[in-house]
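Generate coordinates for the entire structure from the input sequences, incorporating the hints supplied.
Chains as they are written, first to last, in numbering that gives the first Met the number 0: chain A, 0 to 221; chain B, 0 to 221; chain C, 0 to 221; chain D, 0 to 221.
It cannot be assumed that every hint is accurate.
Where chains are identical, the list cannot tell them apart; a pair therefore holds if satisfied intra-copy or between any two copies.
Unchecked claim - Only pairs whose alpha carbons sit at most 30 Å apart, straight line, appear in this in silico DSS-like list of lysine-lysine:
no. : residue 1 : residue 2
1   : 65        : 186
2   : 143       : 119
3   : 105       : 143
4   : 143       : 132
5   : 105       : 186
6   : 132       : 105
7   : 186       : 143
8   : 132       : 119
9   : 186       : 132
10  : 65        : 105
11  : 65        : 132
12  : 119       : 65
Hints listed in this document are in silico derivations from the structure and should not be mistaken for laboratory results.
Protein chains: 4
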Amino acid sequence: MDTKNTNSLEPRKTPIQARSVVTVDAIFEATVQVLLSEGPQRLTTTRVADRAGVSVGTVYQYYPNKQSLLYAVLEQHLLRVTTSVEQACEVLRHQPLTDMVVGLVKAFVDAKTAHVEESKALYLVAAELDAAKLVEQISERMRKATASMLDSAVDARFDDLSMVSFMVMSAMVGPTRAVLEGRAPPKMLQALRMQLVTLCDAYLSRLAIPQSTRKTRAVAGA
Amino acid sequence: MDTKNTNSLEPRKTPIQARSVVTVDAIFEATVQVLLSEGPQRLTTTRVADRAGVSVGTVYQYYPNKQSLLYAVLEQHLLRVTTSVEQACEVLRHQPLTDMVVGLVKAFVDAKTAHVEESKALYLVAAELDAAKLVEQISERMRKATASMLDSAVDARFDDLSMVSFMVMSAMVGPTRAVLEGRAPPKMLQALRMQLVTLCDAYLSRLAIPQSTRKTRAVAGA
Amino acid sequence: MDTKNTNSLEPRKTPIQARSVVTVDAIFEATVQVLLSEGPQRLTTTRVADRAGVSVGTVYQYYPNKQSLLYAVLEQHLLRVTTSVEQACEVLRHQPLTDMVVGLVKAFVDAKTAHVEESKALYLVAAELDAAKLVEQISERMRKATASMLDSAVDARFDDLSMVSFMVMSAMVGPTRAVLEGRAPPKMLQALRMQLVTLCDAYLSRLAIPQSTRKTRAVAGA
Amino acid sequence: MDTKNTNSLEPRKTPIQARSVVTVDAIFEATVQVLLSEGPQRLTTTRVADRAGVSVGTVYQYYPNKQSLLYAVLEQHLLRVTTSVEQACEVLRHQPLTDMVVGLVKAFVDAKTAHVEESKALYLVAAELDAAKLVEQISERMRKATASMLDSAVDARFDDLSMVSFMVMSAMVGPTRAVLEGRAPPKMLQALRMQLVTLCDAYLSRLAIPQSTRKTRAVAGA
DNA sequence: CATGAATGAGGTTTCATTCAT
DNA sequence: TATGAATGAAACCTCATTCAT
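Following this line, the structure appears as structure tokens:
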């Protein structure tokens, strides 16, 4: 087992004492701050330590290397989004399709835009880090949650849920990222949610095999 | 005169002699290769020079710094995609909406997947580089082309072309990128084009203000 | 906060632990030694580090760049001379002119020749460094001190003290430098002091507005 | 004989054809210009070639290395000053002391200030170059000329001519250099000549063994 | 003779990481 | 545990010089 050695991405030790918890949090927080203020290129372990008010050595007490530090921050961010999406999906089960889309878009966009700067910075971190696996896992979880939710829609059924949920999730990512990274007509900031709803709802309606449940009318009209 | 100096992203000098043309190409090609084989983190000017079979100094004869090297490669890639999209948009003018979508998706996905590995590597380059401006320009060009094409559709009109074209382009980017980066159900590789067509066509149909005429009159008119 | 960054000429951090004080001294000393043994052209940060028995990295812990290293050495040297001259001027206040000249010349030449080799090497450093400002400040201080001293002479008054002190100081510099740099008849090494006294005293006597009083009253007055 | 190889400071070949003369001049001139516009640190052979409108290779046709190029420029400058001083000394033979000093100071300062910027730049070159020997030779020539002139003064004789001439020459250098390098009260630019005359004349008068020649009165009074 | 592409040693600087205190 | 001084590999970049064309 070399899961906790220098090459690992896992945090090194789990803090037990209260003081340690404070320290880890400070380091964590400092990492985000440095990321925002200096950018990922200028994020060095020393700078993080300085910002956190501890010494470099202390940073290495809790994270075996720089990657694991960034990994932790990235993971937290992604988990926040994922959790948010998963919870929304859970709540939205057994609703009509359109309600699902509205709820899903809201959950996703809200989570992403809660910390705009952080989101932006972390796109870069994800690139520098070999975080493919993590991103893949996260994506998988969100797709699963989405698929499961869609599967319970009262007014629609889908042939290929894994494909549909992949498309819905990744279709939301494109415009959202473009907006976060600042390329997008200004008005998009406001319109993003509605447009994403239109996009996903139109797509899903097109693919839906309508269900003649009592409570559901034809969604796609015509 | 000062535009080709050390801080610039512009190539340094235009080769005059024949052999130097070969050299520049070799360096450019080597950059792509190193990018693919080693990843952007391990791309160093020395490694590029080695791969190109020249000395470091030679690299710096043509590119003022490492960034400009990466910038050149990124630019070429993006321009390839952009040109492809623009040409498609031009050709597809005055067609029905669905034909447009099919053509646009094909142009975009073909261009992106023509050099899959290169595309993947360049996502990281774009992140590390301060390429925001370039990406923005490129995006802008594609949106313009798309908007102009959509504006000429024989069977639809749109209220807010800049928003619609932004959504279409960025909605295509999301799933495409996810596929290229390897997170996506395996079958997506094949299904991508069709799904994107469905996605975009559904979205556009939903937003279209239908034109009742079989033979469309002046589009921008009325 | 930003004053100790990479572009500064200021030393980077003040040593806290005892051992680091030793290190800074060693680096400083090594710089002087390399300067003497290899000349300013061959002074590299690596060589300094080697001579100091530390790694390059350590050098950069205390000096943000090579220039700051040289600057520190130059500054110390110039301050040594300046202080010496200022103290002499202070002590010599209210003396007859000739005593002043004798004391001033002694102070200056002694300080300069205390570390002959160092002085020689630093002429080159000053040239390579953008030390114009430092040299100017130092010169200014010495001129001020000289002027103030001369102003208190019991047996002379001067019309234009700033010009007179400039001439005296820079007239001393010429021959001293020539001697230090090894162009000068051999006997000059011994005769320098006396000749400088003659030079300056003759000059000052020529310009002095004689004071007829044996016991001088308020100097700046009458 | 390795006087014309790569390590030599001698120019490589003497141009015979007219075209060559033009080229050498252009290179020479370009060197001075680059020195002034970019400073000695940024003077590279390529930059000189560019400025001269020739290729680097051509520069190396006429100068075996960079040092020889700088050496040539420095030599020319120093020779100009030296020649000027020597000619003045020749002309001033058999004159009274004061006339000599006036003439000498004028010759020296005029030569030095004829190309102020060039003079400044060349101080740095002299430092970087191992030009000690050249400077020493030049100094020696000026001292010889001065000594010989002084020896012919109609109204004075000196015990130690080599020392006296050394002091006179180097005493002029100090203030002149300070003025050229911009540390000096502003008015000094105008006053320099007169002050140097006062300085040197006072010094020489003090050391002179008066000659009771018919045409000469006691110079220093007393 | 002139050109200018190519060379590559060598310089400066950074920064993740270790370890004695 | 925490500290922070020290490490040194490795990256970027320059520029004097050569030589085939």
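Comparing the hints with the structure gives:
1. Neither within a single protomer nor between protomers do residue 65 and residue 186 lie at most 30 Å apart by alpha-carbon distance, with minima of 38 Å and 36 Å respectively.
2. For a Cα distance limit of 30 Å, the shortest separation of residue 143 from residue 119 qualifies both inside one copy, at 25 Å, and across copies, at 25 Å.
3. Proximity of residue 105 to residue 143 under the C-alpha cut-off of 30 Å is found in both arrangements, the shortest distances being 18 Å within a copy and 28 Å between copies.
4. Proximity of residue 143 to residue 132 under the C-alpha cut-off of 30 Å is restricted to the intra-copy arrangement: shortest distance 16 Å within a copy versus 36 Å between copies.
5. Within a single copy, residue 105 and residue 186 get their C-alpha atoms as close as 17 Å, and across copies as close as 29 Å, so both meet the 30 Å cut-off.
6. For the identical chains of this complex, residue 132 and residue 105 are neighbours both inside a copy (26 Å) and across copies (29 Å), given an alpha-carbon limit of 30 Å.
7. In the homo-oligomer, the alpha carbons of residue 186 and residue 143 lie at most 30 Å apart only across protomers (16 Å), although the nearest pairing inside one protomer, at 32 Å, exceeds that limit.
8. For the identical chains of this complex, residue 132 and residue 119 are neighbours both inside a copy (20 Å) and across copies (15 Å), given an alpha-carbon limit of 30 Å.
9. Within a single copy, residue 186 and residue 132 get their C-alpha atoms only as close as 34 Å, which misses the 30 Å cut-off; across copies the closest is 19 Å, which meets it.
10. Taking identical chains as interchangeable, the C-alpha atoms of residue 65 and residue 105 are never at most 30 Å apart, the minima being 34 Å within one chain and 41 Å between chains.
11. In this homomeric assembly, residue 65 and residue 132 come within 30 Å of each other (Cα to Cα) both inside a single copy, at 18 Å, and across copies, at 29 Å.
12. For a Cα distance limit of 30 Å, the shortest separation of residue 119 from residue 65 qualifies both inside one copy, at 19 Å, and across copies, at 24 Å.
Checked against the numbered hints listed earlier, the structure breaks hints 1, 10; every other hint is satisfied.
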